[in-house]
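> What follows is the residue order along each chain.
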Amino acid sequence: MPLSRNGKRQPYNDIYAVAPVSLTYQRYSTQPAQWWIGSALRGLVAASGISHTAFDGLSLASFTLGPDPAIAMTQHFGLTTRWIDSMAMGGASGIAAIRRAARALEAGDVDIVACIAADTNYTDTFRQLLAGFSRFSQDAVYPHGAGGANASFAHLTNAYMDRFGVTREDFGRICVAQRQNALRNPRAIMKKPMSLDDYLCARSIVDPLGLFDCVMPVAGAEAFLLMRGETMREHGLGGARLLSSIERHNAFPDDPVQYRGGWALDVDELYGMAGVEPGDIDVVQTYDDYPVIVMMQFEDLGFCAKGDGARFVADNDLTIDGSFPHNTTGGQLSAGQAGAAGGHLGIVETIRQVTGSAGATQVAGARLGLASGFGMINYDRGLASGAVIFGGDGV
Amino acid sequence: MSIQRQRPPRKNPLQRTTAPLPPPARRSRAAQGLTRAAAQGQFALHTCQNCQTVSYPARDACPKCLSENLVVAAVQSGGTILSVTTIQISGEPYFRRLAPARQALIVLDCGPTIVAEVRPDCVSGMRVHASLHLDKAGQPVIYARPENGDANSDADPHWRELVADPLHRRCLITDGRNPVTLPLAKSLLAAGAAKVVIGVSERWKPFAVAAKLEALGAVELVDLDLADDQSVSALASDYGAKTDILLHTALHLRPGSLMSGAELLKARDAMEVSYFGALRLAHHFGPVMRSRGADRDNSAAAWVNLLSIFAHLSWPGFAAYSATQAASLSFSQALRAEMRGSGVRVLDVFTGPMEIDWLEHLPPPKVQPSAVANEIVAALKGGEEERWVGDVAKDFRERFAANPKEIERDLWQQ
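Just so you know, the sequences run in chain order A and B.
Letter by letter, the first sequence follows residues 1 to 395 of our numbering.
Letter by letter, the second sequence follows residues 1 to 414 of our numbering.
In isolation and in its complexed conformation, chain A is listed as follows (with noise of 0.2 Å):
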C-alpha cells in the first residue's frame, strides 16, 4: 500500500469552480439522462453568460445515459470539445472528476470544463440498476436476497456498531439534522419534518437500517464549470478556488468488513495541500447515502478520532447554523439520490457555500468548504474515496 505522498504534489494554480447548477430531482422521471444533461448544459449557460459552444472540455457521469458514452453528448448537444472526460465512480465521481479536470486546466489543454452528473430514474431504473451495477455484485451479492446497496451497508453499519458500540439514535441525529436542512433547501425531495422519534420508529428495511437510513432514488442532475482564474475573471465571474483534493480506490482491502475509507491514508495530504486543519472547514459537505458513511467520514477526515464519530455528532448542531454545518442541502438522505449526481451535490453545495450564493442554506460567512465523495459498493464495500477543499474570496 503506496503512504501518502504529502509535499510531494504540486499545489492547484489557480483553479476554480463556478456556476453552480442544481436541477429540481423528480421521485420518477418521463426524461432520459440526455434531457437532464441538455437541462444541466443550459443551466451552466445561465449562471455563467458563456456560451455552451465555448465549453470545450466535458466531464460528465451517469449510470443511465446507456447506450451513449459521453462523447456522444458533444454532437447532441453542439460541443466542440478538446478533452473529454467519463466519470464512472459513482458518488466519488464529482471528487475524480475535479481532480482530473484541473490539471488539464493547469496543462493548458483544455480552457472550461462542463462538469456534469445526470441521470434518470424511470419506474423501474433503479431495480435494473441494482441488478447490473457490477459483476461481482451480479455474481455474489444480488442473488442473495436483492437487498442491493441496502443489504451491503446493513452488513457495514452492523460492523460498524458492534465494533465502536454506536446506536441507531447516534445516527438518527445525523438523518434529523440534515432533515432540518433539508426544510431550507426548496430543491428537496423531503419536506416533511421528521424527529428522532421519527426515524425510530421507521420501518425496518434491512435491519439495522430503517426507512430513513436510505436514499430515495429520484432523477436529476448536478453541474458546474471548472476553469483557470484567468479565464473566470474574463468572463466577469467570480468562483469557489480548489485548494486540495485527493483520491484513493479499494483502500485498506484486508479489513474483513470495512470501518475506514480511503480518506484516512489521505487526510493529511488534504489538509496538507491546502495550508489549513480539519478545525479551520466553516462547512462540510459528506457522501451521505447511508448515515454510517457519514459517521466514518467525519472520522477519516480527522474531525474526530476514530471511534468517536457517535460522540462528535451527538457533541455537534449539524444543522446549517449549527456547531458544524454539514450536509446543508439535506445531503442525498433528504434531497434525493440522484445517480451519480449524488456525489456532485455536495460539491456544487459547497461552491455555493463558499461564495457565499447558497440563498436559503448559506452557513453565515463561509470561506472553507469540504466536499467528499464515496462510492461503488463493487463487492462487499464501497470501493472509492475522495475529497476536495474550496476556499472563497480572501482564502
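It cannot be assumed that every hint is accurate.
Claimed, not checked - The calculated lysine to aspartate or glutamate pairs, modelled on DMTMM-like cross-linking and capped at a C-alpha distance of 20 Å, are:
id	chain 1	residue 1	chain 2	residue 2
1	B	LYS64	A	ASP315
2	B	LYS64	A	ASP255
3	B	LYS242	B	ASP223
Hint data in this document are derived by calculation from the structure and do not stem from the laboratory.
Assemble the complex: chain A is given as a structure, and chain B must be docked to it using the hints.
Okay, now just chain B, sitting in the frame of chain A:
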C-alpha cells in the same frame, strides 16, 4: 430449526396457482465455474494453481499473484459470520414473495469473504457451514447453516427453494420394472414423500415386487406403457397435476452388435421406452409441472432422468442401449432448458452397470440398485443437477473428463 415441516393443507381449488418467478439470473462466465460445482453438490471455489489463494467472487486472474490459472476446486466449507441482516424489502418480485431473506457476510476459513443466504437461526460470530446450490434460475448461490447442531434446514422457505426435497411431495416412477423401483420407493417414502405412484407396463406379465411395493403403504401401482402415447396421456389426465417429482427410470438393456440384423429392432424398442417415452412424458406431464413450479410448499420440484454413464460414450456390445442413453441425455438437456425459470429442476443420475441379471457377466464393482435409490434421494435433497453413482461411474467421470480417448480404448479391452 429441527422442526419438521408439516404437510401442507389441501389446496383450495378456488385459489390462484402461484406462478413461478425467476430469481436474478445474470452471472459471468467465470461464475459458471461454480455452477458445475453446485450441480454436483460440491463446495468449490476458484483456487490459484500458482499460489493456492482461494478467490471469490469469481475472478479471471488471481488477485494475489495475477496467475490466470484458476481452477474451481473443492475447499473447506467452514466460516465465521461477520454480520447478518434481514432483508425486508427487495425490488425483485421473486424475493418480495419470499420476504424476508436472511443474508450474511461470512469470512471463510479458506480465505475469502462471501455473501450468502443463511438459515434464520444464524447470528453474528457463529461458526457456519457453507454450501453451493443452484437457485430457481439454475444459477449458483451460497447457503450457510450453523456448523454444529441440527443439519435440517427444512423450516426455512429459502432453503426449500434451493432443493427438491421429496418431503410431502408426490412422486411418479415411470418404469416399475426397473430393479431400482423397490429401493427407490422405499427411499422416497423414508424421505417423507406423500405418495409414490409407480407405472408398470403390461401388468398381465409377472411383476415380482408388486406385493412388496404395495406393502410399503403410500404406493400406488398404475398402468403405464411408455411406448404408448394413449397410456401416457391417460395417466397424465389423472396424475399430471399431482406429480411433484417425476422419476424417469426406463430401462431397456439388451446386448447387441451394430452389425446384427436384430439390432434395428432392439434399437427401436429401446428408443420407444427411453427416448420417445421421455418425449411422451414431456408432452403430457411437462406443461403442468412447469406451471406448478411455485405451487406452494409442495410444488412440482424435479424431473429425474436415470441414465447410464454410457450416455457419454458407447459401450461396446450395447450399441442400441448406449444410443438410447445418449439420446436421453440430450433430452435431459433440452428439458432443463425448457423448464428454466419454472423452478422445476432436471436431475441427471448417471450409474455404471448395476448388479442385475442382465449384467451378470460383468465383474464387480457393480452398483446396487439400493445405492442408486439412496443417491437419487440424496441428490434431490441437495438440489443437485447431476449425480454420479458408484465407483465405476466416478472412475468414468474422472477419466472421461481427462481423456475420453483413453477410456474409449480401455472399454474395448473389457
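> Evaluate each hint against the coordinates.
Hint by hint, here is what the structure shows:
{"no.": "1", "hint": "B:LYS64 with A:ASP315", "verdict": "violated, 43 Å"}
{"no.": "2", "hint": "B:LYS64 with A:ASP255", "verdict": "holds, 16 Å"}
{"no.": "3", "hint": "B:LYS242 with B:ASP223", "verdict": "holds, 16 Å"}
Hint compliance for this structure: hint 1 alone is broken.
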